[in-house]
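Just so you know, the sequences run in chain order A and B.
Under the numbering used here, think of the first position of the first sequence as 1, with each following residue one higher.
Under the numbering used here, think of the first position of the second sequence as 1, with each following residue one higher.
A hint or two may mislead.
Unchecked claim - FRET-style restraints, in silico, Cβ to Cβ:
no. : chain 1 : residue 1 : chain 2 : residue 2 : range
1   : B       : W8        : A       : P213      : 31 to 37 Å
2   : A       : S233      : B       : G6        : 34 to 40 Å
3   : B       : W111      : A       : L6        : 50 to 56 Å
What the hints assert, rightly or not - Away from chain B, derived, C-beta distances all over 12 Å, residues of chain A:
no. : residue
4   : S8
5   : S13
6   : L22
7   : L135
8   : Q148
9   : G237
Since the hints were derived computationally from the structure, they do not count as laboratory data.
Computed from a prediction, not measured in an experiment: that's the story for all the values here.
By construction, the Cβ of each residue, glycine as well, lies at the ideal position given by its N, Cα and C atoms.
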Amino acid sequence: MSLPPLDSPQWHSSVRAFAWGLRSITATVLTLVLFATYLGIGALAHDTHFSMAWALAGTAFVWAGPAQIILISTLSSGASIVQAAIAVTVSAIRLFPMVVSVLPMMRMPKTRRRHLILVAHLIAVTLWVESFRFLPHVPRERRIAFVQGLGIGLVCVCLTATTIGYVLAASLSQTFAAAILMMTPLAFLFSTARNCRELADGVALVLGLLLFPIVAMLNTGADILISGVLAGSMAYGVHRWRAHA
Amino acid sequence: MSAFIGDWHALLILLVAGVIPNDIWRMLGLWFGGGIDEGSELLVWVRVVATAILAGVIAEILVRPPGALAGVSGWLRYASVAIGFVVFLISRRSTFAGVICGEIVMLVGQWWLG
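Isolated chain B, as found in the complex (with noise of 0.2 Å):
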């Protein structure tokens, strides 16, 4: 049970710093939602600036990947995603073709390195 739940710090921390920062905007966008134009220029940089993040994010995990994953090599993850990408844009922008064939690629790959 005690590695179920792990050390209650790592738990106050995920509340600290995920669970209150996350969800201010939520409860925000419920008490003031009523007077904000939703095409105002601070949104608009507001947004992306959060894609931008997330594409950091994206990149972090290919550029300096955790567990598992550091055992494929560089190109390999470079190429499964780049195929994932073209393979997407060719599905007319299906997000779950895209997946399976980045997957595909990156399992093959490692399979004929193997």
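Bound-form chain A, shown alone (with noise of 0.2 Å):
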């Protein structure tokens, strides 16, 4: 799929230039690894015993696939409601410079904060990813319902995957709904490695698989934002090492 000419009277209104979003979800292979992700999201949330309109409730109101596998793997292993929301905030804070970066593209003398809402609640590294390779070839005062478009439809194949992952577990052999809850850790771990751009990053992903079940021994309750914090520290450490080298 290619999209029209930056001249083109397809760019005329902005209902189209959603729809051009929309159909762009079919244009990127991330659209199948964040399919896969969210299979395993929802059989995840079947097997630790949340119900599936919270399953699909978290798909579309946190819409942050870390998010989601942290909020759900504290709450189901007894950490408190605090500790959860903490580890939450903390795997969030990434969204912050990716909505800073991001918005700029789509931003126009006359634009008002409350238009770029939905946008930004939209914004996960799948489509600030693709916003980098699509909006240069949409036009400025289209980039915001084009955006709109592919971020509604990327949420709306993963609620999809949620209820077909949750239903799955239900249904399915054993050995079937494991391989549906093993998408998660694999599509993660590579997703994620994928996007290292510096050796501190690929420290810290290491660190942090090495590190856990050490920390787990303890059995703090707070195991995975106490590794995670010493894990990222010593990555940074590598990080200032490595500039001042």
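Hints are included, so try docking the two chains, each in its own frame, into the full complex.
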């Protein structure tokens, strides 16, 4: 699929631009990765005894895979609401620079903040990456409508995947249910490894994997938070050391 | 219908521990986005800590697996991630190829043991 040229009459209406955004979900392999990830999230929610409405509301209103699995796994392993909220919010800080960097591509002199609220909510790693790829081919005055279409399309794909994963976990044989749950660690590990920008990101990923089982032996109830801050700070040390070397 | 919705208490927890602590950063980005340097040291630290927290979550699912995944032996879970990772690397970082191969290793392993 390729988008119409910038001067095409296709871009004259916002509704058309929204529809082009919606169609663009078929133009990226990340849609398949998201689908696999949300199959896993649906299955995880089922196996940790959350309701289907809870899982769907999480997909629509949290709309961040890492935050959703952190929330599900902390709450189901007996962490308090405050501990779960802290772990979620730390994982979500990365959304701040994404929103900050992508919105200038859509702003016009007459754009008001409220026009950008829905776009800001829809931004997560996939939409962030795809905005940089697609937006240069969309006229500036239609970019908000386009990104809304793309983002809402992706949310719908993920709502479908959440539902399918949830239902399959309830009805499949043990082996296939396990295979769907296995989607989550595989998809997150590889998509995070793909996004590593510098050595420190890779170090954070590896140390985070290795430190967690050790910290988990202490059974603090905040194991993920403790191992994450420790491993992340060590990785930051690597970043500083490389910057000075 | 009540099985679909579950209990309202859990939905309230979703709002307080999930939606608000997550979306607050998007809204802060919208409000204060103008004056932050994208390459600042604080944002680098935030980024690596967020990566390490996510790594911890991945490790937790592998080490203390939920539900049906607990029925798969530990070495098979680790082998499927390790082989998936090798495929991810040799396929020039294709997330999809890595996931598919990891899944195949787990399914074949279960069938073999099974």
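Do the hints match the structure? See the list:
1. A C-beta distance of roughly 36 Å is found between W8 (chain B) and P213 (chain A), which places it inside the suggested range of 31 to 37 Å.
2. For S233 (chain A) and G6 (chain B), the hinted distance range of 34 to 40 Å is satisfied, since their beta carbons lie about 38 Å from each other.
3. At about 53 Å, the CB distance of W111 (chain B) to L6 (chain A) agrees with the hint of 50 to 56 Å.
4. For S8 (chain A), the shortest C-beta to C-beta distance to chain B comes to about 30 Å, beyond the 12 Å cut-off, and the non-interface label holds.
5. Non-interface call for S13 (chain A) relative to chain B: holds, since the shortest CB-CB distance, roughly 26 Å, exceeds 12 Å.
6. L22 (chain A), annotated as away from the interface, keeps every beta carbon of chain B farther than 12 Å; the closest lies near 21 Å.
7. For L135 (chain A), the shortest C-beta to C-beta distance to chain B comes to about 16 Å, beyond the 12 Å cut-off, and the non-interface label holds.
8. The Cβ of Q148 (chain A) sits about 14 Å from the closest Cβ of chain B, beyond the 12 Å cut-off, so the non-interface label holds.
9. Consistency note on G237 (chain A): stated as away from chain B, yet its beta-carbon is not over 12 Å from all of that chain's, at 10 Å minimum.
In summary, the one numbered hint that this structure violates is 9.
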